[in-house]
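Chemist: Chain residues, written in single-letter form:
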Amino acid sequence: MKSLLTSTVFALLATTATADTITLYTSQPNADAQQTVDAFIAANPDTDVEWVRDGTTKLMARLRAEIEAGNPQPDVLLIADTVTLEGMAQQGLLSAYKSPEAENYDAALYSSEGFYYSTKLITTGLVYNTGVETAPTSWGDLTDAAIKGQIAMPSPLYSGAALIHLATLTGDESLGWDYYEALAANEARAQGGNGGTFKAVASGEKPYGMVVDFLAIRNKADGSPVEFVFPEEGVSYVTEPVAIMASAKNVEGAQKFVDFLISDKGQDLVLEMGYIPARDGMGVPEGFPARENIELMAFDPAEALKNAESNKAKFAELFGAE
Amino acid sequence: MQRATPQNGGSRTEVRLLSAILVVAICLTLAPVLRLFVEGVTDQGSLSLTLMSDVLSQPSTLSALKHSLITAGFGTVVSLVLGSAFAFLVALTDLRAKAALVFCLMIPMMIPPQITALSWTQIMGPSSVLLKTLGIAPPLGSPQPLYSPEGIIFLLGVQHMSIIFLTLRAGLRSIPQDVVEAARISGAKGLRTWWQVVMPLTLPSLAAGTAITFVTALGNFGIPAMLGIPAGYATLPTLVYQKLAGMGTTVLAEVSVLAMLIGAVAVAGILVQRFFQGRQKLHLVGSTSRPLALPLGNARLPVEILLWTIVCTILVLPMFGLIATSLVPAYGVALRLNTVTLDSWHEVLFRQPVTTRAFANSFGLAAGASLALMVICLPLAWRMERRKTRLARLFDSLLDLPYALPGVVLSIAMILLLIKLPFTDATLYGTIWIIFLAYIARFFAVMFRPVQASLKQLDPGMDEAAQSVGASLYRRLRDVILPLSAPAAAAGAILVFLTAFNELTVSALLWSSGTETLGVVIFNLDDSGETAMASALAMTIVFVVMMLMALIQLFSRRFPKGVVPWQT
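Order-wise, the sequence lines are chains F and Z. Note that our numbering has the first sequence beginning at 1, numbered continuously upward. Note that our numbering has the second sequence beginning at 1, numbered continuously upward.
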């Protein structure tokens, strides 16, 4: 009886894993993830990709539980932000790999030890509902008393991108924490993630806001009544980095995947999906200003990781969030 | 254990079999909770309570606890008022079109909470496609009235009224007409019959329904997430989510501590319910032959109008919101003749292969879970009612835990527990079985509580009579226990099916490619910005479940009386 049970269980569990398969965890939107995987397989027909797509929070929760239980599944992560990956690198969870493609990238966009490589630039800028009379042009415009109580922004307590945005803006000399104090005084609402913020602006509930670029630009193309603005002071950015797990079972396949993503071909794909490629010398998608006109504000992942908890606490105090 | 007096004639094999079921049930439901507890009180392998006291003393934890108690408590009151009013009126009076009314009342349960919240916000705010189309949308910048504690309470109340309604209705079915007639012959009228005769007899079902509703509301993530997060009003489940979004290394342990806090509140709620319920003991012999139908007289038409207005508000409005959203090309676009498009429906139903797969998975999981739970819960509830050993009592107070925990926490517990099966290299992770086991643990209480309540109403004399004439355990279960508790078991099974069919939070971390559930697909669509496709799929689910219910209706004559809740 017992052996019958065991063999049945094994039969049920038997996976179709071929010799050269990599497992990918990604937080890209569904269609983008499918496109990435398809393109990689087309370029590397011998390697198969099993992938799981979910929101960053859930994917990280799942990964943490797997690590805690001693059995992490993925070989490659294409996920979240450099701060989260910097934290994982410091805990020894990532494997270093020096990709030959790295020379085409700004040094700020990958880890010097080779733990992670940025694949795209997702900037956070200003967004407004086209129903309003005056369009904002700089971060400072959001502190104008005339639009008191009409501003929405993602909360760093819920969104990693928002925490990076906070770290970037408060680290800027001309803005700093004074800016966030002014926002709080102007009754800006900082709750939830980028999705919720975008909906608040698109719906007109809070006609002004800060949000990631592609949400606003894509929806505008589909007819949503919004406009995205790259503010004068520059934009903060997250980069959806790719990294190889220290526990990867198929390191070679994982390295091929990393090389592919940051190669010319992989970056063309990023462009095609409507994001700004991280690699030098690529174009920008439709609806974006030329790359040299996009001012990126300075940002250091290690520093942001160190200050993450104190930044959150300070923010929660300022905005009375709990 | 020392109180376990041997039952007359009860054979040893019967006792052992039933004890075995108890042990299996304990393993299925409490093992994940225990694993989570271990995670919360250890720090890198050694026992440590520092983190626990840290988390519990944070002001954010205390305020989330307060918010959870307020929203779950008042939400339960709203459900209780709405659900019991409907149940009493439908079960006891001569209302017309009862079947249609009950049918409609089941629908709010089928719409996942975050979709309900989504559609209500779409209807009420300045963004409302409905209001924009009608040209009466509030001006830009007006606040969304639902982003408030009152909004959460209201929607929790509406969402869960079917739970009270279904459990109470099952209890009302077993009140014999004779009792009410006896009261009326003795001169009792309308309200007095209700208050002095019907009410005391239905208290066990009412209490059981209230307890499940409270626990459900406490663990609800979708509604406070959609309405509370924008208002800066965190409840315990949303605080768990906030912790998960953090970047630190102690995330899992912090989440476990919060989960235990939620569990403690739930158990406290169950114990309060048991305290009140323990004070009264009334037993009924047999079930009713004819349904009750107290005449409402002149009040009938106004009451009918009122009930149907409520049904329309809680049902038609959110459904209209969903349909409207599914028909526009992008979020925020007004629904007009030139903007209407069926693209989303076409894309999600015919182009995405994952949809069919998700339907098959969710149907199999939901049907499998309700069947398996029925098989486990009927004998188990009976055994625990008859032999109240200490183990049984302890289990009775803890079995709601997996249901009360936020789904995402339960799924973390399942991963920790099952990623490596003991003594083998095998794993259930990545297969559909881990979701199935999680559903069994999660929905155990939903099946068990109504059955338990109906068995509490039964006079143990009936079972003893059958036993004294030599009926075997199987025979007694089949011929005495099953028919008498069938309405409650069916109510439980339907509740399990409906909640599991579009459940989102438990499978959220457990799915993998090929084992997606409907909830996962809806969430992923919404999360990827495809709100229109998510709405189209949610509407499809409502239609499919309605068709299933109609199918049950066709076969209803073959079932024991009272099994199909919307039949009179």
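Simulated from the structure, these hints should not be mistaken for lab results. Just so it is clear, CB atoms sit at the ideal spot from N, CA and C, and this is done for glycine as well. Be a bit skeptical, because a hint or two may be false.
Listed next, the stretches of chain Z that the computed footprint assigns to chain F, with coverage defined by at least 3 CB atoms under 8 Å from CB atoms of chain F [claimed, not checked]: (1) 221-231; (2) 503-516.
Pulled a few chain Z residues facing chain F out of the computed Cβ check, cut under 7 Å [claimed, not checked]: (3) 188; (4) 191; (5) 242; (6) 250; (7) 251; (8) 252; (9) 368; (10) 371; (11) 415; (12) 416; (13) 524.
Every beta carbon over 12 Å from chain Z, so not counted as near; a handful from chain F, in silico [stated by the list, open to error]: (14) 39; (15) 47; (16) 67; (17) 84; (18) 102; (19) 158; (20) 173; (21) 185; (22) 222; (23) 280; (24) 309.
Chemist: All hints are to be evaluated individually against the structure, with a verdict given for each.
Modeler: Consistency of the hints with the structure:
no., hint, in the structure
1, 221-231, "holds (count 3)"
2, 503-516, "holds (count 4)"
3, 188, "violated (52 Å)"
4, 191, "violated (45 Å)"
5, 242, "holds (5 Å)"
6, 250, "violated (10 Å)"
7, 251, "holds (6 Å)"
8, 252, "holds (5 Å)"
9, 368, "violated (14 Å)"
10, 371, "violated (19 Å)"
11, 415, "holds (4 Å)"
12, 416, "holds (5 Å)"
13, 524, "holds (6 Å)"
14, 39, "holds (18 Å)"
15, 47, "holds (16 Å)"
16, 67, "violated (9 Å)"
17, 84, "violated (5 Å)"
18, 102, "holds (25 Å)"
19, 158, "violated (5 Å)"
20, 173, "holds (25 Å)"
21, 185, "holds (16 Å)"
22, 222, "violated (4 Å)"
23, 280, "holds (29 Å)"
24, 309, "violated (7 Å)"
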